[in-house]
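Line by line, the protein sequences give chains A and B. Residue numbering for the first sequence follows my numbering, beginning at 1 and increasing consecutively. Residue numbering for the second sequence follows my numbering, beginning at 171 and increasing consecutively.
If you're looking for bench data, these hints aren't it; they were derived computationally from the structure. Because the structure is a prediction, the values reported are computed rather than measured. Misleading hints may appear alongside valid ones.
Partner residues are not named here, just some residues of chain A that face chain B (Cβ under 7 Å, in silico) [what the hints assert, rightly or not]:
1. Y77
2. C138
3. Q151
4. N157
Ideal placement from N, C-alpha and C gives every residue a C-beta, glycine not left out.
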Amino acid sequence: MTRQLIEIPENDPLRNTGKKAIIESAIAENKDRPGAVMLVLNEVQGKIGHVSPSMQAYIARKLNVPLGQVHGVVTFYSFFKTKPRGKHTIKFCLGTACYVAGVPQLIEKAKQALNIELGETTPDGQITLEECRCVGACSQAPVVVVDDEVQGRQRPNKFPQIIKKMQGQP
Amino acid sequence: MAFYRSHVLVCVDPECLAKGAHDVVDALQDEFVAQGLIDEIQVLETSRIGSCSGGPEMMVYPEGIHYHGMSADDIPFLVEEHFLKGRIAERFREVVKPVVDAELGPLRPKEVRVVLRNCGQIDPNNIEDYLAIDGYQALGKALFEMTPKKVIEEVISSGLRGRGGAGFPAGRKWAITRQVNDTPKYMVCNADEGDPGAFMNRRVLEGDPHSVIEGMIIGAYAVGASYGYIYCRAEYPVAVETLNIAIKQAREFGFLGKNIFGTDFNFDLEVRVGAGAFVCGEETALMASIMGKRGEPLPRPPFPSVKGVWGKPSNNNNVETYSNIPQIITKGAAWYAGMGTERSKGTKTFAVGGNVVKPGLIEVPMGITLREIIFEVAGGIKDGRKFKAVQTGGPMGGCLTEEHLDLPLDYEALTQAGSMMGSGGLVVMDESSCMVDIARFFMDFTQAESCGKCTPCRVGTKRVLELLQKICNGQGEDGDIEVLEYLCHEISSNSLCGLGQGAPNPVLSTLKHFRREYEAHIYEKRCPSKVCRSLIRLNIQEPICTGCTVCARNCPVSAISGERRQAHHIDPATCIRCGICVQVCNFNAISVES
């Protein structure tokens, strides 16, 4: 099959030479390992931040597996995103300890400050709000994960500072 | 190899990272370069040095000086004092001994550490540390002094049962995998510890990865496996990294690979990382995920021991089970079987959380009572409140009450009481927790994590969640409790895997022990614990309010009004009862009424 089934949109990572190279090397590295689909997707998600429909089609074709299988895996696991996320992400830990310690209030405050819902990105593409499963830092509850950095013992009134700090960063 | 006169170990556990450990590492590197010391002093990232509660933590060797609580800005001072002038920077020195650790401190009363014995004691990224405390000796003993059959017999007579929660005897599982006449065989380690509030396996993987690897190699020898997978959840990046380092080192030392210890036994393994699906902790789903598929469970039988990864016999145990193995081989089955009860032997790790004085990670012998765990090991209930319930077994477990506190901890005893051992999360709740809300919380979790393959679980959990939300919102009706019960029984008896079968447990157990609370929500439209938003009212107590305006500034819906230095007032019509004001008030002036 040589035909690309899904048209590649304008700003898709596949049209970006650097990003395409990342996808190519992820495929080349893992192609012959059993269970390659997950390995490739994990790497692409980690380095590019999302796996768009056209990327899924590309990976499926290169790995010689049905697109349905790749798409099925992408939509099954919560770590895989199909749309690009903001430059920064704030994840709210929804483990039992954090829930009890007041993460719902933190979420409320963040939604209000940024005027977006959980799972959404600010219109300027800067900040994405997400929930996540227990990160295992329960004694620090309530915990938020800001760009992969665990920040414990949060309070709603400290939140605007975090956001301001992020917005100041490139 | 470069020679360093001094080593600086910086803890990079999540807790220390949260306090800026990475900045400290970067600052140290920069400062050593600036001072021309970079060829003499090595900066290493490590796991758990001390308590982390006063983090970031660092240790300077060979002096063995423990510093903590410094920020990146303090590093130039610290480097100048310690490394240039040779004086100990007392300001940052950790002097409190023994170390108080939020996760894993000094041995608590009644604790016995088998699985956690090395955590915090050795450098997980250095195999020599593990070798120095007789690491990989058990493997040598198994390979040279024992036949595979003898190894299995030893594990069977130790009475070790699967620590993932179901409690199937580990030795018997190995025996089944060994008997299957099909090759190659695989060893699988379930490190997909997804229960909220449980982090026992993370600590073992980050603190003592070699004990898990050694246990897997011994198991591989016993069942005749040639390759292995450790399936670790993506939420544990530090554990994945530590494991990869440990596997590489074990390979360099000849514990993994071809002709291990010069014998004709070959075994190698790799880490596979999940992508955020709780159901992958179920063994058939886990294996589907290793094979790069959606993590959907399969009906059993065939069990993975017969038909697992790539359709071949695969022995699956969890992290804690494997890390028990080396010690059972070294010290003998009789030593291990000497701990615990008639049916459950050895020790079990628990992550105790919730409203207790000393939450954290503990390891206790089986047979200890919940009362001993909560009131002696974990220091009792916080703020002098009254014990209400304890949730064991995570989202698939159940709530136990006062009457169960004296049960000896044992797989069967917990199941009979309507809960389960689970992987070891233990959430203690006091009177301020609403049991309907807790049930709703767990159902929200299982509903979201249901893989959707079978109808009872996919649709059933959703319907149960809707009912619980309705009750929490104060819209519960007569008959809702009966529908809940009916649905829960249907879900647990008809679901395909453990997730669906266990999902109704929190609802059923809270219904059994706290039916009154459900009734209060439904018939009296009141939440006795003052948690459920729709059923509470927030009030500012005028005499206490100082008019500091903190609450008004933090209210997301601007429902609070009042002049500066005058008592404030909440408009009940606008208020969404989010509780932010209660949290931010410095004078406890806001009361919650039901």
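Structure-inconsistent hints, enumerated in ascending order: none
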